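Chains as they are written, first to last, in my numbering: chain A, 2 to 104; chain B, 241 to 556.
Warning: the hint list may mix true and false statements.
Short, incomplete list of chain B residues facing chain A, as computed with Cβ under 7 Å [unchecked claim]:
(1) Lys-385
(2) Thr-388
(3) Arg-426
(4) Leu-427
Here are some chain A residues the structure puts well away from chain B; computed CB gaps all over 10 Å [as the list claims (entries may be wrong)]:
(5) Gly-11
(6) Leu-13
(7) Leu-22
(8) Pro-32
(9) Ala-33
(10) Ile-40
(11) Glu-41
(12) Glu-46
(13) Ser-48
(14) Gly-49
(15) Arg-56
(16) Ala-58
(17) Gly-59
(18) Leu-71
(19) Leu-79
(20) Leu-84
Here are the simulated distance ranges between beta carbons [stated by the list, open to error]:
(21) Gly-495/B x Leu-95/A: 28 to 38 Å
(22) Lys-480/B x Arg-96/A: 28 to 38 Å
(23) Arg-27/A x Leu-393/B: 14 to 24 Å
(24) Ala-528/B x Ile-89/A: 19 to 29 Å
(25) Ile-89/A x Thr-399/B: 31 to 41 Å
(26) Arg-27/A x Thr-399/B: 40 to 50 Å
(27) Ala-282/B x Gly-81/A: 51 to 61 Å
(28) Lys-375/B x Ala-80/A: 28 to 38 Å
Treat the hints as calculated values from the structure; they're not laboratory data. Bear in mind that the values here come from a model prediction, so they are computed numbers and not experimental data. Yeah, the Cβ is synthetic: ideal placement off N, Cα and C, and Gly gets one too.
Residue-level listing of the chains:
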Amino acid sequence: MKESLEIMTGTLIDDDKLFTLADLCRSCSVPAEVINDMIEYGIIEPSGDTAAQWRFAGGCLWRVTTVVRLQRDLEVNLAGAALALDLIEEVHELRRQLKINHM
Amino acid sequence: MEYKDYYEIMGVARDATQDEIKRSYRKLARKYHPDVSKESDAEERFKALGEAYEVLKDPEKRAAYDQLGANWQGGQDFNAPPDWDAGFEFSGGGFTGGDATDYSDFFESLFGQAHAQGGGRRGGFQARGQDRHAKILVDLEDSFKGATRAISLQVPELTPEGHVTTRTRTLNIKIPRGIREGQKIRLTGQGDPGQGKAPAGDLYLEIDFRPHALYRAEAHDLYLDLPVAPWEAALGATVKVPTPEGVVELKVPAGSAQGKKMRLKGRGIPAKQPGDLYVVLQIALPSADSEQAKKLYQQMQDELNFNPRSRMGVAA
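Excised from the complex, chain A in its bound form (with noise of 0.2 Å):
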């Protein structure tokens, strides 16, 4: 197959790697609305002062996504979304760490 031979080069998305708000919706398919009220509960910082010069680091992507999707798929409010979110980046460190302890 012809495009199995063409070498692809993705976009890293790091924290070195910043959005704007509009970006930032569009890679999460989310409207702005949306974005405000997740910093509004503190889910994701952006910086700069207004709207039109916040810049958000990569990882906000993966914030927002998983918000909307624990809202989307277990019925919980934004609050409850952001307190899962909070503990599962906890257990996730606590997980590497254990990997990294016990190699």
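Put chain B on the given structure of chain A with help from the hints.
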């Protein structure tokens, strides 16, 4: 296709009330939610659960499904009887929950295309294609040199007749130098195709390192357990240490304890500010399998006043 036992998947009896079904669904959804669960098959189980709930929560669909009879076993070969749903009225759009393309052939054969059009939170006729997520295993060495990796994906596709099939797609992905575990690469437009004129979704690849014989990676730092002889730790020594970019010499100071951590600056994963390589000393004991070795251990026992348990308040 395989018959799906939605009651078994939902963990309820066939005569369960709608409330019982809802309770069981909520409990299992929390348990198998792919963002929460660490079970490796969480995603499939969650999808199966969503499909089962799609049918069982809707009294009309449930009644139609029940009509197939209770004698089927999950996994049994199944073909929907012709006009099996005659006499059932399905009100409104079929999919209210998840994503129709994720449902099984079994579901589709029962509740089929007619119900696949409307509803759907992601639905609508102009929906952007779904993003797809996949993990990709790379070697630590790939992060030092950069690499190209092939990845195979199962892509759902709509046939001209409106059926959903899957197709295997192979992509060659460039792994940039300096990639770290857990990082994600986005390939714009390589997700599922959009409906109508809407754009395709994106493909996200999460990087996982294959376990390495020598190094453990933590963010951009590496850890290496380095065995040293007791006399190297006690008297100090210059020892050779493997690093991903070649052997270097490391000075072990006299009086080094077991587990001592030493840093080789900039020898970790490459970047503008490269990570460090931490060498963790592991004191290896020579085995007393020769007369000579036994004699030396004996001599230490006789001549050193060493009680490793002195802090425990017990005598040697």
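(request) Could you say whether the range 40 to 50 Å given as a hint is met by the Cβ separation of Arg-27/A and Thr-399/B? (result) violated, 30 Å
(message) A cut-off of 10 Å on Cβ-Cβ distance, and Leu-13/A was said to be off the interface with chain B. Does that hold?
(response) violated, 6 Å
(message) Is 51 to 61 Å respected by the C-beta to C-beta distance linking Ala-282/B and Gly-81/A?
(response) At roughly 20 Å between Cβ atoms, Gly-81/A and Ala-282/B fall outside 51 to 61 Å, so the hint is violated.
(request) Please settle this one: Gly-11/A was flagged as non-interface, so is its CB more than 10 Å from every CB on chain B? (result) Per Cβ check, Gly-11/A is inside 10 Å of chain B; nearest 4 Å; violated.
(message) Please verify that the nearest CB of chain B lies beyond 10 Å from Glu-41/A's CB.
(response) holds, 21 Å
(message) Under 7 Å is the threshold here; is the Cβ of Thr-388/B close enough to any Cβ of chain A for the hint to stand?
(response) holds, 6 Å
(message) Using Cβ atoms and 10 Å as the threshold, tell me whether Gly-59/A really stays out of contact range of chain B.
(response) violated, 8 Å
(request) State, for the Cβ atoms of Gly-495/B and Leu-95/A, whether the hinted interval 28 to 38 Å holds or is violated. (result) holds, 34 Å
(request) Have a go at the Arg-426/B hint: is there a Cβ in chain A nearer than 7 Å to its own Cβ? (result) holds, 5 Å
(request) Could you let me know if the closest chain B CB is still more than 10 Å away from the CB of Leu-71/A? (result) It is violated; Leu-71/A is separated from chain B by about 6 Å at its closest Cβ, not greater than 10 Å.
(message) The hint says 14 to 24 Å between Arg-27/A and Leu-393/B; measuring C-beta to C-beta, is that right?
(response) holds, 22 Å
(request) Would you settle whether the hint for Leu-427/B is holds or violated, based on the nearest Cβ-Cβ distance to chain A being less than 7 Å? (result) holds, 4 Å
Comparing the model with each earlier hint shows violations of hints 1, 5, 6, 17, 18, 24, 26 and 27; every other hint is respected.
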